[in-house]
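Respectively, the protein sequence lines represent chains A and B.
For the first sequence, our numbering begins at 1 and goes up steadily by one.
For the second sequence, our numbering begins at 1 and goes up steadily by one.
Note that these hints are calculated values from the structure, not bench results.
In this text, a Cβ means the ideal position worked out from N, Cα and C, and glycines have one as well.
There's no promise every hint is true.
Not close to chain A: a few residues of chain B, all C-beta gaps over 10 Å, as computed [said to hold, decoys possible]:
#1 G141
#2 D148
#3 Q295
#4 P323
#5 L355
If you want the footprint, here are the derived chain A segments under chain B, 3+ residues with CB under 8 Å [to be verified]:
#6 65–74
#7 97–103
#8 118–129
#9 133–142
Negatives, chain B to chain A, calculated, CB over 12 Å [as the list claims (entries may be wrong)]:
#10 T16
#11 R29
#12 D98
#13 E172
#14 A224
#15 I299
#16 M304
#17 A326
#18 F328
#19 E331
#20 F372
#21 V374
#22 R379
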Amino acid sequence: MPTARDGNGKAPRNGDIVIDVEGLSKSFDGKQVVRDLALQVRRGQIYGFLGPNGSGKTTTLRMICGLLTPDGGRGTCLGYDILTERDEIKRHVGYMTQRFSLYQDLSILENLEFVARVHGLADPIGAARQAVLRLGLEGRERQLAGTLSGGWKQRLALGACILPKPDLLLLDEPTAGVDPKARREFWGEIHKLAADGMTVLVSTHYMDEAERCHELAYIAYGELLAQGTIPEVIAASQLTTYTVSGPDLNHLAETLLGMPGVDMVAPFGTSLHVAGRDAVALDRTMARIGEGAKLDWRLSSPTLEDVFIDLMSRSQDNFR
Amino acid sequence: MTSLAIRRWPGALSRTAAMFIKEFLQLRRDRLTFATMIFIPLVQLMLFGFAINTTPRHLPTAVLAYEDSDVGRSILAALRNTSYFDLVQVVRSEADMDHLMRSGRVLFGVEIPAGFERALRRGDRPALLIAADASDPVAAGTALGALDGVVGTALARDRGLPDTTDAVPAFEIRQHRRYNPAAVTSLNIVPGLLGVILTMTMLIFTALSVTREIERGTMESLLAMPIEPLEVMIGKITPYVVIGFIQAALILTFGALVFEVPIAGSLWLLAALSTLFIGANLAIGYSFSTIAQNQLQAIQMSFMFFLPNILLSGFMFPFAGMPRWAQFIGECLPLTHYIRIVRGIMLKGAGFSDLHAEALALLLLMLIAMTFAVRRFRRTLD
Ligand SMILES: Nc1ncnc2c1ncn2[C@@H]1O[C@H](COP(=O)(O)OP(=O)(O)OP(=O)(O)O)[C@@H](O)[C@H]1O
Ligand SMILES: [Mg+2]
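Let's have the full structure, built from the sequences with the hints guiding it.
Below is the structure:
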């Protein structure tokens, strides 16, 4: 198997921790975009990176792969220092940018060949052809990348990232605009790669994708607010959630919002999710509301989305 | 240590080749640019070449005659017969003549002094004054060059004159080049044009190459890949060396066929030094590309650099006639050295031993630009 590793064959140091950064911070024009961020990702893990728009996900990924210099903090990526060993990091990391950044005026095959050559693969043309097959793009390999549909561009970009068989994949919203079937295939591929020892740090806005990750980090306004496996994140949120169904839920939602113990009300299909951190107060409120009304309400476990929306609203409060 | 360096080499080659192939493919796909690269030099050569280089004839000329004599008339007829001079106006005073020349309505003024014929018959060798507007030195130069024959032919049939021998002509033609005393001969133009055209096209093509990556958003991917700034530069520059070479060949071929400009010296030397010149301009354009924020800025910088190249390189004005500070700036421009090289090889048959200083200067300018560009090349998105 050809690897992208260069002559000195240095194995990543620091054992099983692939990404290990702490205190990372970055400001643009005096505005702090990432503050004091610490992140640890183990080998073979699929690590989800979530957070609202503008929260600093892309900035963090760029700092990890050496494209941006952090203002403060330190860390290693694949055992290489993110400040001083960027060249090594670039050799072993596949970074898929949020915005399509392959050459629009080159064909699919030419783009892939370019990547293969830059990484010094022994048979760049063969490698590119294999990647075309793997992507299911045979027959269109001569099409210019710029003329592909949005979803296919994403798949091509991912294919180009994986082509040199990197040790670490940094994917910035790789499935934005990709149809559900392709997304499922994409995640199947990611899990296969991870099983072979590739580590993946992937940013996403989709909850179903978050649930496919081994671990998650949630960042808002530059600060890491939650981290861990899904049960850990849910438990740490200390949210109590009720699912309410019945008539006139819109009206009910409005009444509920101002009541003690209620931090968040969100409609979910024909029911309402009511959540709060103060379990006692919420129980009391729900008991009062439920009395007499023709409502069906029961305690349920919070979903990841409940947790994230709660985190977001809280951090916004802190931010002001 | 050495084994590491050796093992790194194929990697560097492969990466540079990756860049080269990519650039070449993009270039080939951009049909308009490709066509431009072939046709611009030809169109420019035709425009400049014909506009500047065709021997200008029938130039408007004014006559100021202080006497009306047979000899005067035959001299004017002889002038007209050279077909360079069109006698369009007869003036009565020096001031009128000056006015006509200053306004550009005539390029030449012929002055026949009073008592010209009498002095001629006495064998006093009087002077016929011809003032030329040399602000168009090519026009002035060729026409004045034709004057030599005028003396003999004008008086050939007039037997009432004392014996004239070739050594002692019957009268003297006093030339006065006005406004620009240094004359540039037409043969100098095409070799100079070769340098000017190459400068312009080479500069612009590489000036756009890095800014294009930034504007199209491909820079982020490129920077995340394991490729060194030097490899990027060489890979980006090399395709254009080939293009520059094609342009040079086209210009030289047309120069020889259409304008009959000879190549007195070695074609191989010209090719080798042209490659150096092309490389220097590409490197300079590329270094602009690492400074400019966008493609428009890159174009503007190229033109800012192009202007002194035109004005101070000796292409337009004789280098020796420029003030010291302008000469100093001129020495820092690749075109200055290249024009000396091309004129030297094509017109004077100069060899490498005559030109090694110019070649060294080109090499130096190229290395400075490359070093600057490689250092300037951003390795991060900061
Ligand atoms: N080069 C830059 N110059 C100035 N500000 C920047 C720059 N890059 C990012 N920012 C700012 O930093 C903040 C974080 O941006 P970032 O792209 O990291 O967010 P994100 O979490 O990736 O958002 P999204 O989910 O929309 O992709 C934003 O407010 C953005 O405007
Ligand atoms: Mg982003």
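So, going through the hints one by one against the coordinates:
No Cβ of chain A approaches the Cβ of B/G141 within 10 Å, the least distance being about 49 Å, so the stated non-interface status holds. Even its closest Cβ contact with chain A, about 61 Å, leaves B/D148 beyond 10 Å, as expected for a residue assigned away from the interface. No beta-carbon of chain A is positioned within 10 Å of the beta-carbon of B/Q295; the least distance is around 15 Å. Distance check on B/P323: its Cβ is at least 46 Å (rounded) from any Cβ of chain A, clearing the 10 Å threshold; non-interface status holds.
Under the 10 Å C-beta cut-off, the non-interface status given to B/L355 relative to chain A holds; the minimum distance is some 38 Å. A count of 5 residues in the stretch 65–74 of chain A with a Cβ less than 8 Å from any Cβ of chain B is obtained; the coverage claim is therefore met, three being the minimum. Residues of the stretch 97–103 of chain A lying with their CB closer than 8 Å to a CB of chain B number 6, which satisfies the three-residue condition for coverage. Closer than 8 Å: that is the beta-carbon criterion, and the stretch 118–129 of chain A has 4 residues meeting it against chain B, so the requirement of 3 holds.
Closer than 8 Å: that is the beta-carbon criterion, and the stretch 133–142 of chain A has 0 residues meeting it against chain B, so the requirement of 3 is violated. At roughly 9 Å from the closest C-beta of chain A, the C-beta of B/T16 falls inside 12 Å, breaking its exclusion from the interface. Consistency note on B/R29: stated as away from chain A, yet its beta-carbon is not over 12 Å from all of that chain's, at 5 Å minimum. For B/D98, the condition that its CB be more than 12 Å from all CB atoms of chain A holds, with the nearest at approximately 61 Å.
Taking the minimum C-beta to C-beta distance to chain A, about 69 Å, the non-interface status of B/E172 holds against the 12 Å cut. With a minimum CB-CB distance of about 4 Å to chain A, B/A224 fails to clear the 12 Å threshold, and the non-interface call is violated. At roughly 20 Å from the closest C-beta of chain A, the C-beta of B/I299 stays outside 12 Å, upholding its exclusion from the interface. Its beta-carbon lying about 28 Å from the closest one in chain A, B/M304 satisfies the requirement of being farther than 12 Å from that chain.
No beta-carbon of chain A is positioned within 12 Å of the beta-carbon of B/A326; the least distance is around 42 Å. No beta-carbon of chain A is positioned within 12 Å of the beta-carbon of B/F328; the least distance is around 40 Å. With a closest Cβ-Cβ approach of about 38 Å to chain A, B/E331 is found to remain outside the 12 Å limit, as its non-interface label requires. A cut-off of 12 Å between C-beta atoms confirms that B/F372 is not in contact with chain A; the least separation is 21 Å.
The beta carbon of B/V374 is kept farther than 12 Å from every beta carbon of chain A, the shortest such distance being approximately 15 Å. Distance check for B/R379 against chain A: the nearest CB is about 7 Å away, which does not clear 12 Å, and the non-interface claim fails.
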